[in-house]
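Asker: For reference, the chains in residue letters:
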Amino acid sequence: MSHDTHNHAHGHNHSHGGHDLPFWRKYIFSTDHKVIGLQYGITAVFFLLFGFGLMLLMRWQLAFPKQAIPLIGKLFTEDGILSPELYNQFGAMHGTIMVFLGVVPLAVGAFGNYLVPLQVGAHDMAFPKLNMMSYWVYFCGGVVMLASFFSPNGAAASGWTSYPPLSVVADNGQSMWLIGMVFLITSSLLGSVNTIVTAIQLRVKGLSFMRWPVLVWAQVTTAFLLLLAFPPLEAAGIMQLMDRLAGTSFFLPSGLVVSGEALKVSGGGNPILWQHLFWFLAHPEVYVLILPAVGIVGEIIAVNTKKPLYGYKTLVYSMLFLGFMSFIVWAHHMFMTGMGVTMSTFFQATTMIISVPSVIILTTYLLTLWGASIRYTVPMLFATAFLPMFAIGGLTGLPLGLTASDIHLHDTYYVIGHFHYVVAPGTLFALMAGVYFWYPKITGRFMSETLGKIHFWLSVTAINGVFMPMFFMGMAGVSRRLYDQTVYAHGAAAQPLNVIMSVSAWILAVAQLPFLYNMAVSWKWGKKADSNNPWGGTTLEWAASSPPPHENFTTPVEVFRAPYEYSSTKKLLPQFVQEA
Amino acid sequence: MEQPHYGFWLPPNISTHGADIDNLISTLHWFMAVLFIGWGIYLVYCLVKFRERPGHEADVEGKTHFVLPKYIEIGIIIVEACLLIFFSAPIWAKVKKDFPKESEAVVVKVTAEQFAWTIHYPGKDGKFGQLKTELIDGTNPTGLDREDPNGKDDIISPNILNIPVNKPIIVQLNAKDVIHNFFLPVMRVKQDAIPGMTIPLWFQATQTGKFEIACAQLCGVGHTQMRGFFNVMSQEEYDAWYNEEEKSLLGDTATSPAGETK
Amino acid sequence: MGHGEMTVEEVKKHVKKYYVVFGALLCLTIVTVGISYLHLPIFQAIVLAMIVASMKGGLVAAYFMHLIDEKKIIYSMLWLTLVLFAFCMLIPLFTLRGIQTYS
Amino acid sequence: MSALIPYIDEPHPVTGVTNAKLGIWLFLASEVMLFGALFSTLIIMRSSATDWPAHGSDVLNVPLATLNTVFLITSSVTIVLSWAALKMKDLKKFKLNMGFTVLLSFGFLVIKYIEYTSKFHHGHFPSTSTFYATYFTLTGLHGLHVIGGIVTNLYLLGPGSKMWNTEPERFTGRIECAGLYWHFVDLVWIFLFPALYLL
Numbered sequence: 001m002s003h004d005t006h007n008h009a010h011g012h013n014h015s016h017g018g019h020d021l022p023f024w025r026k027y028i029f030s031t032d033h034k035v036i037g038l039q040y041g042i043t044a045v046f047f048l049l050f051g052f053g054l055m056l057l058m059r060w061q062l063a064f065p066k067q068a069i070p071l072i073g074k075l076f077t078e079d080g081i082l083s084p085e086l087y088n089q090f091g092a093m094h095g096t097i098m099v100f101l102g103v104v105p106l107a108v109g110a111f112g113n114y115l116v117p118l119q120v121g122a123h124d125m126a127f128p129k130l131n132m133m134s135y136w137v138y139f140c141g142g143v144v145m146l147a148s149f150f151s152p153n154g155a156a157a158s159g160w161t162s163y164p165p166l167s168v169v170a171d172n173g174q175s176m177w178l179i180g181m182v183f184l185i186t187s188s189l190l191g192s193v194n195t196i197v198t199a200i201q202l203r204v205k206g207l208s209f210m211r212w213p214v215l216v217w218a219q220v221t222t223a224f225l226l227l228l229a230f231p232p233l234e235a236a237g238i239m240q241l242m243d244r245l246a247g248t249s250f251f252l253p254s255g256l257v258v259s260g261e262a263l264k265v266s267g268g269g270n271p272i273l274w275q276h277l278f279w280f281l282a283h284p285e286v287y288v289l290i291l292p293a294v295g296i297v298g299e300i301i302a303v304n305t306k307k308p309l310y311g312y313k314t315l316v317y318s319m320l321f322l323g324f325m326s327f328i329v330w331a332h333h334m335f336m337t338g339m340g341v342t343m344s345t346f347f348q349a350t351t352m353i354i355s356v357p358s359v360i361i362l363t364t365y366l367l368t369l370w371g372a373s374i375r376y377t378v379p380m381l382f383a384t385a386f387l388p389m390f391a392i393g394g395l396t397g398l399p400l401g402l403t404a405s406d407i408h409l410h411d412t413y414y415v416i417g418h419f420h421y422v423v424a425p426g427t428l429f430a431l432m433a434g435v436y437f438w439y440p441k442i443t444g445r446f447m448s449e450t451l452g453k454i455h456f457w458l459s460v461t462a463i464n465g466v467f468m469p470m471f472f473m474g475m476a477g478v479s480r481r482l483y484d485q486t487v488y489a490h491g492a493a494a495q496p497l498n499v500i501m502s503v504s505a506w507i508l509a510v511a512q513l514p515f516l517y518n519m520a521v522s523w524k525w526g527k528k529a530d531s532n533n534p535w536g537g538t539t540l541e542w543a544a545s546s547p548p549p550h551e552n553f554t555t556p557v558e559v560f561r562a563p564y565e566y567s568s569t570k571k572l573l574p575q576f577v578q579e580a
Numbered sequence: 001m002e003q004p005h006y007g008f009w010l011p012p013n014i015s016t017h018g019a020d021i022d023n024l025i026s027t028l029h030w031f032m033a034v035l036f037i038g039w040g041i042y043l044v045y046c047l048v049k050f051r052e053r054p055g056h057e058a059d060v061e062g063k064t065h066f067v068l069p070k071y072i073e074i075g076i077i078i079v080e081a082c083l084l085i086f087f088s089a090p091i092w093a094k095v096k097k098d099f100p101k102e103s104e105a106v107v108v109k110v111t112a113e114q115f116a117w118t119i120h121y122p123g124k125d126g127k128f129g130q131l132k133t134e135l136i137d138g139t140n141p142t143g144l145d146r147e148d149p150n151g152k153d154d155i156i157s158p159n160i161l162n163i164p165v166n167k168p169i170i171v172q173l174n175a176k177d178v179i180h181n182f183f184l185p186v187m188r189v190k191q192d193a194i195p196g197m198t199i200p201l202w203f204q205a206t207q208t209g210k211f212e213i214a215c216a217q218l219c220g221v222g223h224t225q226m227r228g229f230f231n232v233m234s235q236e237e238y239d240a241w242y243n244e245e246e247k248s249l250l251g252d253t254a255t256s257p258a259g260e261t262k
Numbered sequence: 001m002g003h004g005e006m007t008v009e010e011v012k013k014h015v016k017k018y019y020v021v022f023g024a025l026l027c028l029t030i031v032t033v034g035i036s037y038l039h040l041p042i043f044q045a046i047v048l049a050m051i052v053a054s055m056k057g058g059l060v061a062a063y064f065m066h067l068i069d070e071k072k073i074i075y076s077m078l079w080l081t082l083v084l085f086a087f088c089m090l091i092p093l094f095t096l097r098g099i100q101t102y103s
Numbered sequence: 001m002s003a004l005i006p007y008i009d010e011p012h013p014v015t016g017v018t019n020a021k022l023g024i025w026l027f028l029a030s031e032v033m034l035f036g037a038l039f040s041t042l043i044i045m046r047s048s049a050t051d052w053p054a055h056g057s058d059v060l061n062v063p064l065a066t067l068n069t070v071f072l073i074t075s076s077v078t079i080v081l082s083w084a085a086l087k088m089k090d091l092k093k094f095k096l097n098m099g100f101t102v103l104l105s106f107g108f109l110v111i112k113y114i115e116y117t118s119k120f121h122h123g124h125f126p127s128t129s130t131f132y133a134t135y136f137t138l139t140g141l142h143g144l145h146v147i148g149g150i151v152t153n154l155y156l157l158g159p160g161s162k163m164w165n166t167e168p169e170r171f172t173g174r175i176e177c178a179g180l181y182w183h184f185v186d187l188v189w190i191f192l193f194p195a196l197y198l199l
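Protein chains in written order, with the working numbering: chain R, 1 to 580; chain L, 1 to 262; chain G, 1 to 103; chain Z, 1 to 199.
Please keep in mind that the hints were generated in silico from the structure rather than gathered at the bench. Here a beta-carbon is modelled for each residue, glycine too, at the ideal position from N, C-alpha and C. There may be inaccurate statements among the hints.
Sample of chain G residues lacking proximity to chain Z, with all beta carbon distances greater than 10 Å (derived) [to be verified]:
#1 Ile-68
#2 Gly-98
#3 Gln-100
#4 Tyr-102
Derived lysine-lysine pairs resembling DSBU-like cross-links, with alpha carbons at most 30 Å apart [what the hints assert, rightly or not]:
#5 G:Lys-16 to Z:Lys-92
#6 Z:Lys-95 to G:Lys-71
#7 G:Lys-72 to R:Lys-313
#8 Z:Lys-89 to G:Lys-12
#9 Z:Lys-95 to G:Lys-12
#10 L:Lys-49 to R:Lys-313
#11 Z:Lys-89 to G:Lys-17
#12 R:Lys-571 to Z:Lys-92
#13 R:Lys-313 to L:Lys-70
#14 R:Lys-571 to R:Lys-453
#15 Z:Lys-93 to G:Lys-12
#16 G:Lys-12 to G:Lys-72
#17 L:Lys-132 to R:Lys-66
#18 Z:Lys-119 to R:Lys-129
#19 R:Lys-26 to Z:Lys-162
#20 R:Lys-264 to L:Lys-132
#21 Z:Lys-119 to R:Lys-264
Build the full structure now, drawing on both the sequences and the hints.
Answerer: So this is what it looks like as structure tokens:
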């Protein structure tokens with residue numbers, strides 16, 4: 001901490017801090033939000049690839065049941081065939097890793113950390129040390145999760161939802177899963193406090209709330225969701241740990257008989273309680289996954305259509321409403337627990353209501369395209385693809401949100417198709433768009449357009465090959481999480497779809513190679529960005545130099561207008577430029 | 001009894017209430033398709049028409065915007081409300097609330113465990129025998145007390161649910177260990193089997209045939225193997241099977257009062 | 001809260017208030033323990049205990065945590081939290097009650 | 001680096017609060033949800049339990065818990081007095097009051113320890129019944145919060161108080177935040193006490 005806090009307002013002393021720190025303070029235990037953002041990003045990409053890898057292995061078993069995995073199968077089991085034990089572990093860990101260690105850290109940790117302070121014109125996050133701590137707590141959570149694969153009977157295998165009693169009677173990997181989750185939750189809580197305070201308190205002169213870029217709105221809404229929805233899961237996690245380690249019976253009813261033997265617990269608990277507390281988080285979590293993506297896509301569409309976002313205020317209110325409503329729809333995940341008529345009607349109604357702001361958000365983006373002059377850069381391609389993919393994901397939520405149609409579709413591949421459309425070609429595409437879009441800001445260089453286009457077209461084709469067949473498979477009544485669906489007659493009939501999905505998934509994996517190569521190589525050898533604002537962006541991050549220096553802005557910045565406005569010459573005008 | 005035909009779409013429906021569900025599903029998908037194709041056409045049109053090219057400037061003032069979306073939005077809300085009020089809620093109420101009288105239905109207990117289903121018929125007396133945890137072993141998966149007068153004639157049918165056609169069936173669903181899900185794809189029946197709770201459900205078959213029971217909730221390592229069968233029989237076949245089972249339980253004295261067979 | 005600019009006099013006034021609140025809290029503690037020895041029917045007992053607890057909590061929040069005179073941003077955030085808190089308390093209970101079972 | 005982060009020691013002109021103040025309230029909001037879930041569990045466990053004691057006082061030690069309530073309430077007063085002392089620029093009085101707070105919280109823990117060990121002696125463990133499971137988990141988590149408060153308060157009493165010499169405003173702000181947290185811990189106990197011991 002410095003001693004001259006009283007002249008804080010206009011950074012006269014940014015010479016110290018960034019340049020004379022030792023390596024480990026500058027790049028490892030850094031308090032600079034940009035370094036932490038990159039740390040989050042790199043770790044999250046690693047976990048995304050890891051979680052994706054688990055699924056690639058599972059997809060072999062699904063496409064070719066009980067056949068040895070070629071080449072690498074022997075690494076996992078003696079005969080090279082993925083065992084059902086491993087299959088369940090991989091399934092549970094795929095979900096956990098993708099959601100809690102991959103997408104959220106990338107969308108909230110990396111993009112939030114890097115961009116929110118820049119977009120509000122701050123020099124850093126409000127609590128830089130806390131920021132560093134959130135990253136390292138997240139890192140520890142990740143290490144615990146990875147380590148759980150090496151516990152005696154492997155990692156958690158009760159699905160990412162960890163429903164008790166199954167998860168309570170499961171092997172030790174589940175305890176590590178819970179401990180890992182406590183770390184991840186703590187990290188998210190610290191991070192969201194930081195994001196909210198930064199966005200609200202450190203706004204630069206002239207930046208009123210209604211001048212926040214959509215990404216800031218999205219990140220703040222997300223932070224509120226994390227802040228208020230995660231604690232119940234933390235409580236539930238602690239209770240499940242108590243059930244597992246201290247022999248309590250929060251989630252264990254009386255009279256359990258597991259593999260022929262009466263369980264020696266007091267009983268009297270309620271397994272459904274876990275589902276309530278879990279989904280109290282996990283439904284808002286869906287919006288935690290999607291809102292940052294909505295924000296990123298909004299920024300990219302505004303810049304690449306070269307016109308203001310249509311209905312900025314409507315968009316903002318929709319996001320806030322969406323965030324609020326996301327807290328009262330959670331039990332639509334639990335229709336099949338025997339829910340009564342009154343409560344199921346309540347949750348169906350809230351679920352139908354929440355579709356309204358989603359449609360409004362999509363509509364504002366679609367309407368922004370009207371009358372635009374669309375520049376097809378790689379980020380814009382991904383952002384454009386986000387729209388129909390998100391639409392499919394959203395629309396297929398309807399039959400799942402209505403109890404009657406959910407009777408047939410609940411817990412089938414239809415569900416998997418639905419939420420993957422939202423999260424994979426939805427959120428992940430938006431995040432990739434974000435990477436391409438802000439890469440020149442982060443490094444001062446562009447990523448290759450050619451490789452980017454190859455990446456885009458391969459990905460968009462392959463990813464639909466993965467997820468589109470799932471709707472048909474779900475219609476056919478094939479349950480999710482099946483090790484080998486050919487056991488069932490209706491499963492065997494739908495099996496060819498599995499082959500299509502698996503092959504598409506492997507193509508999708510190959511399609512990511514140019515992306516990774518592009519990201520790595522462009523850092524040093526990419527085309528140089530000719531200015532601080534190569535895309536013609538309107539928000540504050542484009543006022544900083546590329547890459548932004550340690551304290552972001554070398555000259556004081558000020559905001560003069562709403563984020564997406566145009567000048568008298570009918571061109572988009574940055575927020576930070578005063579019109580002559 | 002021929003094999004039902006399965007494919008890439010809804011499996012055949014043989015229940016009385018299933019047609020409503022199928023109707024709702026197809027209505028919903030038509031609605032979704034209309035919306036998606038509408039958006040799609042608009043999107044593609046925009047992407048082509050408003051691409052960046054020489055001589056084309058973005059209309060930053062948004063003068064060309066139209067008011068259609070407002071009506072579309074209102075339309076969507078109305079359609080969703082109708083789907084909920086006129087389709088989903090009544091179907092759910094019918095499935096969950098309008099139970100047939102037990103006297104007119106076949107009542108069975110289904111108990112799920114890792115990784116099998118146990119189907120328990122009350123026998124001729126129409127009363128279920130007591131279940132006692134301490135009696136559970138390999139041959140008695142639910143711990144049925146045969147000493148209990150009500151339990152003597154109870155039929156235990158591992159993994160096979162036999163039911164008569166055109167007669168309502170009431171299932172009392174329970175689980176011994178973890179949460180399972182009792183899923184009859186052709187019957188449009190799905191209900192979590194939750195330990196500690198006995199949850200009722202009902203359905204009525206309209207065709208005979210041999211079908212499958214699937215577990216639709218991850219229940220452990222053998223989840224995929226948790227496959228049961230259900231046979232829908234004609235009333236005569238069903239009665240014949242039932243009497244046969246009773247006979248083998250109680251000997252030829254099946255028709256005599258229960259007390260004598262001790 | 002505007003306590004940043006408080007004068008010493010104002011602080012002294014506050015301190016007096018703290019002592020009054022302290023006394024009230026002690027009294028209410030005695031009251032709630034006393035009520036519990038009456039062994040009232042469970043419903044009345046719960047209602048009374050929660051009323052007393054809410055009064056105590058209210059005093060702590062209002063005076064010790066200065067919520068009686070706080071900024072709008074804190075209020076709006078806390079209202080949001082309270083609404084969600086209510087959802088978290090009530091909805092699971094209602095839903096669990098709604099499950100029909102035999103037993 | 002803090003040089004460039006505004007509103008550390010003076011309130012933001014629009015929101016009217018400092019960064020730390022907003023931050024601690026956000027944190028407390030999340031704590032409200034944490035305990036919300038636990039209280040929700042308490043209600044659900046109780047409403048379905050078969051062997052819940054008719055009165056908590058039948059199985060738990062009410063006099064000790066009442067004493068603990070008094071301890072926590074008193075410590076809440078002393079911590080707010082320590083903040084008022086700083087407002088009056090009286091570091092000594094601050095230290096005295098903060099010292100009392102820490103002492104009282106240790107007293108709370110000691111009593112908790114006595115309660116726990118006597119329960120263990122009588123063979124009552126978290127695994128005994130859902131009542132004990134709830135009792136131990138809720139009071140245990142609350143106890144962890146008390147320990148967290150003690151660590152913070154000890155730091156602010158000891159090495160942390162050096163900040164008074166360089167940045168008095170900021171230090172007062174820190175004490176206010178520590179106080180808010182501590183009052184919250186008190187608040188939770190105010191509800192836990194009747195819910196577990198008296199009902």
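Asker: Could you tell me which of the numbered hints above are not met by this structure, giving the numbers in increasing order?
Answerer: Of the numbered hints given earlier, those the structure breaks are 12, 17, 18, listed in rising order.
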